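Let the hints inform the model, and build the full structure from the sequences given.
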Amino acid sequence: MPRFVTDAFGLVTVSLIFIFAILGVFCIVYSVYFRSRIQNQGLSVSDSITRRLGYFNGPWIIRIVLIVVAIWWGFGEVIRLSLLKGDGRLFTKPAWQKGVCKFYIISNIGFAEPSLLLLIVYLLHASLQKREHGALNHGWNMKAAGYTFLLCLPMFLVQLTLVLVEPMISNKKHGTEMKIQKYFTSSTTSTSIKSSLTGTEEVYTYTTCTYPLINTVVLGFFDSVLVIYISCLGYGMVSSVINKGLERRIYFLLFSVVSFFPLRVFLLGFSILPDPGSLVYEAIVFLAFLMLLLCALVGVCMLVYYPVADSLALRNLRRYMELEDISVHDDIITYYT
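Going by the working numbering, the residue at position 249 of the sequence shown is 492; the numbering climbs one at a time, nothing skipped.
The hints are simulated quantities; they were obtained by calculation from the structure and are not laboratory data.
In this text, all values refer to a predicted model and were calculated from it rather than measured experimentally.
Ideal placement from N, C-alpha and C gives every residue a C-beta, glycine not left out.
Honestly, I wouldn't trust all of these hints.
Cβ pair distances, simulated, as ranges [said to hold, decoys possible]:
hint: 1; residue 1: V460; residue 2: F346; range: 40 to 48 Å
hint: 2; residue 1: K487; residue 2: Q282; range: 31 to 39 Å
hint: 3; residue 1: F318; residue 2: F498; range: 22 to 30 Å
hint: 4; residue 1: K336; residue 2: F509; range: 32 to 40 Å
hint: 5; residue 1: Q282; residue 2: K336; range: 47 to 55 Å
hint: 6; residue 1: S502; residue 2: L394; range: 18 to 26 Å
hint: 7; residue 1: L530; residue 2: S279; range: 35 to 43 Å
hint: 8; residue 1: C475; residue 2: V523; range: 30 to 38 Å
hint: 9; residue 1: F247; residue 2: V460; range: 27 to 35 Å
hint: 10; residue 1: L396; residue 2: S467; range: 17 to 25 Å
hint: 11; residue 1: T335; residue 2: F498; range: 15 to 23 Å
hint: 12; residue 1: F318; residue 2: P410; range: 21 to 29 Å
hint: 13; residue 1: P410; residue 2: T448; range: 15 to 23 Å
hint: 14; residue 1: I471; residue 2: I412; range: 26 to 34 Å
And the structure:
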């Protein structure tokens with residue numbers, strides 16, 4: 244396959260990650276702004292609206308961590324691209340190219356993707372907690388972040404171990420056994436392409452990052468457990484929601500998580516079938532990337548942006564009603580939050 248086709252997939256990936264990172268930074272600033280407004284306003288015990296706003300601002304740290312982890316995942320997706328590998332590019336030496344692919348497996352498959360799913364779980368779980376013991380508690384944020392990284396540790400160690408033992412397994416395999424082994428444990432492969440951009444046809448060789456089947460299976464098992472748990476959480480949330488707009492958001496978020504995460508794992512599993520660097524391979528990997536990008540985007544919008552936007556809208560409504568000397572009832576508050 245011509246190199247420019249691979250580079251085209253890479254450029255689209257970089258552009259999408261760049262746009263997502265900008266949106267993520269905006270949501271971080273938005274969350275910090277909302278928190279500063281709540282703190283400046285003060286949490287008066289007699290002001291029920293302010294206390295409710297403070298409650299919905301409770302998981303602000305976890306919201307920011309979710310965005311940071313998502314941006315970190317995007318960074319990993321960028322450095323794995325073949326766009327950055329080869330003569331005259333960022334990663335020129337074969338050793339660097341292989342090292343980047345191994346780092347990608349450990350960082351993204353072993354840490355970023357499991358963390359994203361766990362953080363979504365904690366934010367969904369926070370909405371079902373009582374105010375006195377849930378996300379309003381200041382210590383909840385630190386505990387949730389600590390538990391997230393603690394639960395990701397086994398997954399991280401498994402992926403790290405699989406990457407480290409891969410060279411030892413490769414050295415002991417020959418012929419057909421070595422070919423089969425590459426499907427299960429190899430995170431890199433050498434790709435040769437032809438280019439005629441200079442007027443003469445030349446052959447370039449670079450390293451393509453691949454997805455070892457055993458690493459994908461481990462990720463799939465981890466995701467399956469959490470997706471089932473999220474489905475149960477979603478049922479509890481939908482049954483307790485009285486706002487139709489919020490109910491639609493929950494359904495949309497659940498559909499994204501339950502559909503996109505498993506579909507990504509399936510696509511990564513099927514990526515071992517075509518030759519690495521081919522058009523079919525690049526298309527499958529790009530679709531797998533899109534699945535998680537869409538899920539991360541939906542998660543950030545539904546769990547970070549909309550809660551803050553609704554709370555600020557409620558705060559503006561409170562100001563208007565105070566000026567008009569209208570009492571604000573709990574049903575109005577519930578509608579917005």
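Within 18 to 26 Å or not, the Cβ separation of S502 and L394? At roughly 23 Å between Cβ atoms, L394 and S502 fall inside 18 to 26 Å, so the hint holds.
Would you say the C-beta atoms of V460 and F346 sit inside 40 to 48 Å of each other?
Since the Cβ atoms of V460 and F346 sit about 21 Å apart, the hinted range of 40 to 48 Å is violated.
Could you see if the CB distance from F247 to V460 stays within 27 to 35 Å? 34 Å, holds
Quick check: does the Cβ-Cβ distance between F318 and P410 fall within 21 to 29 Å? Once the Cβ atoms are compared, 25 Å apart, the range 21 to 29 Å for P410 and F318 holds.
I want to verify a distance hint. Is the separation of the beta carbons of K336 and F509 within 32 to 40 Å?
34 Å, holds
Holds or violated: the 31 to 39 Å window for the beta-carbon distance between K487 and Q282? 32 Å, holds
**Message:** The hint says 17 to 25 Å between L396 and S467; measuring C-beta to C-beta, is that right?
**Reply:** Check passed, 19 Å falls within 17 to 25 Å.
When you take the CB atoms of L530 and S279, is the distance between them in 35 to 43 Å? Given about 40 Å between the Cβ atoms, the range holds.
Indicate whether the distance between the beta carbons of T335 and F498 respects the range 15 to 23 Å.
The hint (15 to 23 Å, Cβ to Cβ) is violated, given that T335 and F498 are roughly 43 Å apart.
- Lying within 26 to 34 Å: is that true of the beta-carbon distance I471 to I412? Hint holds: Cβ distance 32 Å, inside 26 to 34 Å.
Query raised in the report: Does 22 to 30 Å hold as the CB distance between F318 and F498, or does it fail?
Result: Cβ of F318 to Cβ of F498: about 27 Å, so the range 22 to 30 Å holds.
**Q.** Satisfaction of the hinted span 15 to 23 Å by the C-beta atoms belonging to P410 and T448
**A.** 20 Å, holds
Of the numbered hints listed earlier, those contradicted by the structure are 1 and 11.
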